[in-house]
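Listed here are the chains, written in short residue letters.
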Amino acid sequence: MPTLEKDGRKIWQVRTTKSQLIRWGAWLVGLAAFIFSWKEISDNTLWFMMDNVGEVVADIAGRATPPAWSFVFELGRPIWDTLAIATLGTFFSLVMAVPVAFLAARNTTPSKVLVRPIALLIIVSTRSVNSLIWALLLVSIVGPGVLAGLIAISIRSIGFCAKLLYEAIEEINVVQVEAIKATGASPMQVMAYGIVPQIMPAFAGIAVFRWDINIRESTVLGLVGAGGIGLALQSSLNVLAWPKVSLILLVILVAVVIGEWVSAKVRGAII
Amino acid sequence: MSAALEAKLGQAWKKPPFITNPVFRWVLIGGSILYFVVALGGIEVSWDRIVKGMDYGKRFITAFGGIFVALFDYIRDVFPWLSETFPRFFGPPTGNDPSDSRWIEIWTEKEIIKGLYESIVMTVASTVVGIAISIPIALGAAGNIAPMPIYLFCRAVIALSRALNEIIVAIILVAILGFGPLAGFITLSFATIGFLAKLLAEDIENMNKQQAEAVKSTGSSWGQWINFGVQPQVMPRLIGLSMYRLDINFRESAVLGLVGAGGIGATLNTAFDRYEFDTVAAILLTIIIIVMILEYLSGVIRGRVQ
Amino acid sequence: MYQGWKMLELQGLTKIYNTGDKALSDVTLTIPDGQVVALIGPSGAGKSTLIRCVNRLVQPTSGSATLDNVNVTALGAAGLRKARRKMGMIFQEYALVERLTVMENVLSGRLGYVGFFRSLFRKFPQKDVDEAYRLLDRVGLLEMADKRADALSGGQRQRVGICRALIQDPSLLLVDEPTASLDPKTSRQIMRLIVELCTERGLAAIINIHDVALAQMFVQRVVGLKLGVVVFDGGPDDLLPEVLTDIYGEEDWEATIEKVDDEDEEA
Chain A
980 MPTLEKDGRK
990 IWQVRTTKSQ
1000 LIRWGAWLVG
1010 LAAFIFSWKE
1020 ISDNTLWFMM
1030 DNVGEVVADI
1040 AGRATPPAWS
1050 FVFELGRPIW
1060 DTLAIATLGT
1070 FFSLVMAVPV
1080 AFLAARNTTP
1090 SKVLVRPIAL
1100 LIIVSTRSVN
1110 SLIWALLLVS
1120 IVGPGVLAGL
1130 IAISIRSIGF
1140 CAKLLYEAIE
1150 EINVVQVEAI
1160 KATGASPMQV
1170 MAYGIVPQIM
1180 PAFAGIAVFR
1190 WDINIRESTV
1200 LGLVGAGGIG
1210 LALQSSLNVL
1220 AWPKVSLILL
1230 VILVAVVIGE
1240 WVSAKVRGAI
1250 I
Chain B
94 MSAALEAKLG
104 QAWKKPPFIT
114 NPVFRWVLIG
124 GSILYFVVAL
134 GGIEVSWDRI
144 VKGMDYGKRF
154 ITAFGGIFVA
164 LFDYIRDVFP
174 WLSETFPRFF
184 GPPTGNDPSD
194 SRWIEIWTEK
204 EIIKGLYESI
214 VMTVASTVVG
224 IAISIPIALG
234 AAGNIAPMPI
244 YLFCRAVIAL
254 SRALNEIIVA
264 IILVAILGFG
274 PLAGFITLSF
284 ATIGFLAKLL
294 AEDIENMNKQ
304 QAEAVKSTGS
314 SWGQWINFGV
324 QPQVMPRLIG
334 LSMYRLDINF
344 RESAVLGLVG
354 AGGIGATLNT
364 AFDRYEFDTV
374 AAILLTIIII
384 VMILEYLSGV
394 IRGRVQ
Chain C
40 MYQGWKMLEL
50 QGLTKIYNTG
60 DKALSDVTLT
70 IPDGQVVALI
80 GPSGAGKSTL
90 IRCVNRLVQP
100 TSGSATLDNV
110 NVTALGAAGL
120 RKARRKMGMI
130 FQEYALVERL
140 TVMENVLSGR
150 LGYVGFFRSL
160 FRKFPQKDVD
170 EAYRLLDRVG
180 LLEMADKRAD
190 ALSGGQRQRV
200 GICRALIQDP
210 SLLLVDEPTA
220 SLDPKTSRQI
230 MRLIVELCTE
240 RGLAAIINIH
250 DVALAQMFVQ
260 RVVGLKLGVV
270 VFDGGPDDLL
280 PEVLTDIYGE
290 EDWEATIEKV
300 DDEDEEA
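So the protein lines, in turn, are chains A, B and C.
Counting with our numbering, you get residues 980 to 1250 for the letters of the first sequence.
Counting with our numbering, you get residues 94 to 399 for the letters of the second sequence.
Counting with our numbering, you get residues 40 to 306 for the letters of the third sequence.
Just so you know, the hints here were simulated from the structure itself, not pulled from any lab data.
In this text the structure is predicted, and so the values were computed from the model without any measurement.
Virtual Cβ for every residue (Gly too), placed ideally from N, Cα, C.
None of the hints are false.
Short derived list, chain B residues pointing at chain C, Cβ under 8 angstroms:
no., residue
1, A97
2, L98
3, L102
4, A105
5, K107
6, K108
7, P109
Chain A extracted, bound-state conformation (with noise of 0.2 angstroms):
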């Protein structure tokens, strides 16, 4: 037990004085940190703008309510294309994940030197990348569109599929697919047989999840020109028409509501 010698009595104490010292020095460090950083946004911001921020406030509300519901019927087409996206962005993601993840698991990558750091290079640079980001890069190249955005959410899932993906292959259990194995099964029916159905409860609840986050997210993609419903609150925002925008920002949130329930529900179903 940490004490400390005081008049020739000891003190009890909690920690040592070494790890205390870090830990007042961790705290220290980010308080300064902290500190540092509020001063450098409090000199980056007007602050006499603020004064009437809640005028600002009431002006917008006011003028954003109530919302214009006939616009609705105008939002069929963005609303179907954003839910394109978010859906066929997953499955093909889920298509180019499932190799990779098969290819960075520790126990079925072919090679741990060459191939391995490969798949993990190929997953972590998809997933430190935003699908924003992915979306203005593919804008670029493929041109304003449903298209740049299915491109720039199946890339952006890769990565994150992947990494649960190959997670849940390296937990398994061996002694099942040894089982196969010592059946005399090629290595693809080892798959078929001993990997694939021990994965599938991940693999559906993975599915399921980052199709829920891919809703979310397509929703914004076309303030970049990727399509769907974020160019219409892109639009409408540029004319500043903020009944349609308050609108807008309502369906997008029952939008994101009803994908967390449908994929609570299915994830419920299967697990």
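Model the placement of chains B and C on the given structure of chain A, informed by the hints.
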């Protein structure tokens, strides 16, 4: 031979279907295929534009490869000992002055540093504030320790934060507060709550009841109870989740600039508009490197505390 | 002792793991056609390693295993798959693929005979399906055929595991602690079933088992393994207390052996 066996011999065997109701099964399969075909067919593809865009694609890939090599050369020139220690990996030094590197040139001229700096500042500030707000909300959203009205309120805050996309919150805040990092900072702080408070609340709900009760039975006050009975149990997870969120906030901060909420996103957007793929590649590479470093650090810290 | 055709011949089989642990050292053993051998020994004696070296789920460091005049140790990937078809394996924790049905688990024993796409679409030849039904009927699980494996009890799962091994049409059974996860009564039923089936089909078998009494009850020959070395090889009645002490260490063995005698009388 039993009668049951005799009945089965010679009969074909089929795996029982996952969905037992045949009508429902075929409607589901047929509907999925139909949706797939219709949705895919509805996507407009402009081949002329793609052919033209391929050139941009090629330029981007060339730029990315070029900036990668430039970074590699820069590292080798700045740290000569790398060539000596790992000669097979790094090769001989180029002998150029590191400050003339193309990487440095692109990196300094285009406001990349300023944008990145702003992104990092927003990330740090919003993560700290987000954590500070998340803790009381998580306590309130834990069904086993919070009274009902507080529970419902905190759960509502979490649900709202999760339902609203960061970009949309940023758009609204930019409309209210004007351009700049303040909007981004508030956006990220708010988003942190939905993530951190939810997971932390779940962790508190799953904690070991006996430990918490043992502390309560000593006659401690509510504050002491939280401090001694609850906090030690959830602390490792809180630190792990905070590190993870720091990572997410950095990635998000990179796109908030697209809608004017500060950070590197604005620079990136401009670069895309002008088809300056060197700048785009430099920014993306920097983001990927920072994310990898953060991921590595958070892994190390999570390993330490758990 | 019965002397027939040499079904399995182990020559100087040795396994040293990467960690440096010597699990088997220079094991030489011959098992004739149709003989059921119990392999006894304390945990860590190398029993599991031995049978896994035979079908090369574990790669032996040196030595050879010859099955029916085929040197399994020297085979390439395709030859090994062919050889494995002739060795049915039964596992301690049943090792059924939990999320597949009983029938799929049994039919997976035919994977070595069926092409990839046929197996992927579950289009097994009718003769295999009939044989699967016959085996399930034999072990009393016919009506469970379309249940998922994780819905079964331990004893039932092990019966499915036995069917999976037998449908391979093997000439040798490798049985790894078949009763370790079962209660005493089910253990005995499973052991009896395995030995009966071996007699019916004239199969040779190696059965790893830590329960000495159970081994003595059912097998014709016992091999004792200690730290990877064969220290005993003889009939079940030759297992005297001093032999057991040699294998397992000091303990009062009279009780164990007497219990066996009682049970024999019951049976």
